[in-house]
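Here are the chains, one letter per residue:
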Amino acid sequence: MKEMIQKMTSRERWLAAIVAGVVFLFLNLFLLKLIFTKEAALQSDLRSKQLAWAALETLSSQKELWTKRDAWLQEKQPVLGSKEMAGVELLEQVRALAKKQDVAILNPTIGAFEETPFYEAAPITVETKSSWASLIRFLGALQTPDYFVAIESADLKTDPEDVTAMHGTFTIAKWYAPALTD
Amino acid sequence: MSPSSHGWRINESGALNGARVRNVSTLGEAAAAVSPDREIHLALPCDAALLARMRFPATDPGELGGMVRLQLEKTLPYAAEEITSDFDIIESTARESVLVAAAVSTERLNAICQPLRDSERLPAKVTLFVMHVAAACPRDKTVFLVYMEGGKVVTAICEKAKPVCVHAMASAATVRDALPQLLMSAELEGLPTDFSLVLLDKACAQLEKPLSEFFGTPVELFSPDSSAPSAPRADLMPATWRKERLRLSRSASVKKRFLLAGAIYASLLVLAGLYLAVMEVRVNALERKLEAIRPQLAFVQARQNRWNALSPAFDPQRFTVELLYQINASLPSESVRMTSFQESGAGAEIAIDSEAPTASLAIKFGELLKANAALARFKFDATTPHFLPDEHAQIGITGKL
Numbered sequence: 001m002k003e004m005i006q007k008m009t010s011r012e013r014w015l016a017a018i019v020a021g022v023v024f025l026f027l028n029l030f031l032l033k034l035i036f037t038k039e040a041a042l043q044s045d046l047r048s049k050q051l052a053w054a055a056l057e058t059l060s061s062q063k064e065l066w067t068k069r070d071a072w073l074q075e076k077q078p079v080l081g082s083k084e085m086a087g088v089e090l091l092e093q094v095r096a097l098a099k100k101q102d103v104a105i106l107n108p109t110i111g112a113f114e115e116t117p118f119y120e121a122a123p124i125t126v127e128t129k130s131s132w133a134s135l136i137r138f139l140g141a142l143q144t145p146d147y148f149v150a151i152e153s154a155d156l157k158t159d160p161e162d163v164t165a166m167h168g169t170f171t172i173a174k175w176y177a178p179a180l181t182d
Numbered sequence: 001m002s003p004s005s006h007g008w009r010i011n012e013s014g015a016l017n018g019a020r021v022r023n024v025s026t027l028g029e030a031a032a033a034v035s036p037d038r039e040i041h042l043a044l045p046c047d048a049a050l051l052a053r054m055r056f057p058a059t060d061p062g063e064l065g066g067m068v069r070l071q072l073e074k075t076l077p078y079a080a081e082e083i084t085s086d087f088d089i090i091e092s093t094a095r096e097s098v099l100v101a102a103a104v105s106t107e108r109l110n111a112i113c114q115p116l117r118d119s120e121r122l123p124a125k126v127t128l129f130v131m132h133v134a135a136a137c138p139r140d141k142t143v144f145l146v147y148m149e150g151g152k153v154v155t156a157i158c159e160k161a162k163p164v165c166v167h168a169m170a171s172a173a174t175v176r177d178a179l180p181q182l183l184m185s186a187e188l189e190g191l192p193t194d195f196s197l198v199l200l201d202k203a204c205a206q207l208e209k210p211l212s213e214f215f216g217t218p219v220e221l222f223s224p225d226s227s228a229p230s231a232p233r234a235d236l237m238p239a240t241w242r243k244e245r246l247r248l249s250r251s252a253s254v255k256k257r258f259l260l261a262g263a264i265y266a267s268l269l270v271l272a273g274l275y276l277a278v279m280e281v282r283v284n285a286l287e288r289k290l291e292a293i294r295p296q297l298a299f300v301q302a303r304q305n306r307w308n309a310l311s312p313a314f315d316p317q318r319f320t321v322e323l324l325y326q327i328n329a330s331l332p333s334e335s336v337r338m339t340s341f342q343e344s345g346a347g348a349e350i351a352i353d354s355e356a357p358t359a360s361l362a363i364k365f366g367e368l369l370k371a372n373a374a375l376a377r378f379k380f381d382a383t384t385p386h387f388l389p390d391e392h393a394q395i396g397i398t399g400k401l
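Protein chains in written order, with my numbering: chain A, 1 to 182; chain B, 1 to 401.
Isolated chain B (complex conformation) (with noise of 0.2 Å):
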């Protein structure tokens, strides 16, 4: 998100002049615009920031840190809690360093961004558009750059594609009028004023001839929205914020996780759901065929009830003497005999009782009678062997169909 000529800007390809471009009036309008799993890096006005060239006797970017930072302090009105500030270096030489600092102030840098802290949008960047638009100019002239943002015109002398020097003015017409004020002051601060190419943004083609005029060399016409800056290594990003856009990563990552465990333990229900429904189904369907077939089986049992209950007349495995038969072949020896036969229930029901010499026979007598093939739709109880006087054991064998 950038500041166009008269609102913001949105980028979505992800560089600041990608694809899609789309103007909206408002911060809060184009948070809304930008989907929610977007990173939002924001791009502030010039006049929200206090940009300085600086000189350095250091090169390493740690150390330079510190000394922007000493700096800023000494030169703006605010408490070093109260500001976020970062630079970029211009040019490095073996023993020094000249760069440019930007600082904001984190209050104006809250009520700025309030419309995106409202809907938890917070930044993952932010820099200033200026920079972006400087990024834009040739490295190796010195550029007067003139462009509109937020309703504003800006006029930046870049350095080496850096913007050292910026202001903003109310309207188109002052801009020509504080020239040589403007180039005067840069002068005296030392910043180069031989400008080699004056860009001018499209939106103020009218200032075209009046800048031609004034410095005498050729003035260019750009659009901001067309250019293709480089994201600045410059982050204005507080602190605070960081914390703030991590407690909401966080917070957003473990609402995505309880949304996906909701997601799989609905799916799971309704996978359960669908269960008992196909089993419901399978049921339903055996029940019909059930249904369907029962006629046919009423007729079958009808049949076999009638041929089961006249059985003990005509199967020659149910008369009696092949009862007797089956039973005296079970006979574990000549010496154990039947000494008395029970019938009941046309063959339903038996009742044996015989005699062997001794216990272990009559005994084996009973379980030759289970194991006999012929006789085993009978299921057999035999009682415990007791004496007679003649020390013959007696055992009662009873069978039920």
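Same shape as in the complex, but just chain A (with noise of 0.2 Å):
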């Protein structure tokens, strides 16, 4: 090597410099693109697992919270008696609570049986017509924690005639326990 830079006219070695130069220069930004890209990436990893352990920590924290949730919901949400019989016995509840709150219950269907991951219920739907205080005590007497009644759609609008007056569609079910499959 050092033989051959000696063979070297002195424009042939400046010739030499700039392209080992340029060579050198492309390899540089070769290797710093390299490494910044490779940085930028193990950053953005780094810090979405410092999230997510973040996350997790809490979440773990709050295991013995949980724990006791999921028992309480064990012990409370009621068992399912006969998947025939559901919607009839919440229409019966259903009408009793009305009439005690003075709401007139109309059109009442009962839906089909859903079966989901968290509960089973058999769904019903009723129109209302009623004073919107009424109305008020029908739904604070229908949904309390222990009865696991779920309202889950409702439409509600004033009588045009009679702006105390209420109409109202709800469909009401009652989240059972889901059956226990093997």
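Among the hints, a few may not be true.
What the hints assert, rightly or not - Reference listing, derived: stretches of chain A covered by chain B, where coverage requires no fewer than 3 residues with Cβ under 8 Å from a Cβ of chain B:
(1) 37-50
(2) 64-77
(3) 131-140
(4) 150-159
What the hints contain is simulated information worked out from the structure, not anything from laboratory work.
Each residue gets a CB set at the ideal place from its N, CA and C atoms; glycine is no exception.
Join the two chains, each given in its own frame, into one complex according to the hints.
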């Protein structure tokens, strides 16, 4: 190598130095790009994992809370007696409450039986006509934590003729614990 | 580096006869033996140069230099540019100076120093070894010096510790016979020949008796290796060599800087690599921790999903009556009323229509809904109010979990 350089003319040495410099520059650019790309990817990966870790730690620290809540659900969620009677029983219950609160129940229907991973239900759909106060009392009595009754949909409108009167359509369901499967 | 009795001697400590002395057979070996960071001071054998005692009516060194060069040009068979010369003052009075001039042919110097030039180790200073040896003589005595140098026997007349007449002889046997002729020539040249001391190299100890008998003065044995000469003033380094040495020094400096830059660059690359490796290790360690905690997370998430899915049936905050209460509580005045309410997905989505006497009240209702902390889980969107025939403003608001 040394001999080869010594054989070169001054002009050839300059040209060789320029070529070597350009190659070195490009090699550096390539290396820097490689390093910065890798660094950005690692930083991003690290940040996302740190966030995930923080979230997981929070969740993990709440394990006891969620165990207790799960136990409460196991204890409180009602168990279905009969699929056929579930809708009928709920309708009777709703009718009784409505009557008590002076709410008129119109066009009741029992919907198809629903099964989800978390509950089973036979929803009913009823139309109501009542005063605002009666409706509020009826809804308050219908939904309590121990009953596990959910209003899946509601549509309330004030009577155009009488603003104190309310027309409503509700889909109501009692969410029973899902049947145990083998 | 200086000539030894049969080869070359390297004195590494800086002084010619310092602590570390090594003998090698050639100058090439000597060049290879000296570490690249050390400066080389080369002491030439006496037969490489010409020494002449001169007397000039001047004392200024610059002036004396010019006179010496002029005189050498007259006496030597070389052109001025073909020789390198310098001088050392023996004694100086107010009016005149006696000095010893040393001159060496540049061609001869190049030939001697070729091994050094080949290895790009040009010396920093070039002197004559005999001047170093003479410097060890007592200044108040005229000394006849005999020592071995490169296989030859060197005789020198030393005046005030400066060699003023030097001869190299092939062997010790010829010295005794050559002495009368040598002294006669010296006397004719006006050199001192009344010797008060004869110094003899231990390597030529066989000459002790003949010399003692000849001079009738005591002969002291010495070793040129163990004397402690000071560096003579005369430097025979050619000007072209100085330039070449400067160029080599600059080239070495540039090379050193390039090496330093290369080392820094390599260090930065290594640091970058280490940084990436550390990052990778951190990411992997975190991934392992996440993997370890994931089963617990699946347990918690399953329970959380169940709780959230069932919450419309047991969480009072999700009950329809609670929603209606919070909406009612957000009405900005009694004149604003909700005309319809729709809920779907067990409270996941709600839609409200309301009427207000003015558009600003209708808009304010929407803002109050958004500001209601109990409804913060909803993301509300409000339509632009439009006006009814009775000039009341109607606004539709939707909220999604």
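Status of the hints after comparison with the structure:
Only residues whose C-beta sits within less than 8 Å of a C-beta in chain B count toward coverage, and the stretch 37-50 of chain A has 8 of them, enough to reach three; the restraint holds. Check result for the stretch 64-77 of chain A against chain B: holds, 7 residues qualifying (beta carbon to beta carbon below 8 Å, three or more required). A stretch counts as covered by a chain when three or more of its residues have a beta carbon under 8 Å from one of that chain; for the stretch 131-140 of chain A and chain B the count is 3, and the coverage holds. With 9 residues carrying a beta carbon less than 8 Å from a beta carbon of chain B, the stretch 150-159 of chain A meets the three-residue requirement, and the given coverage holds.
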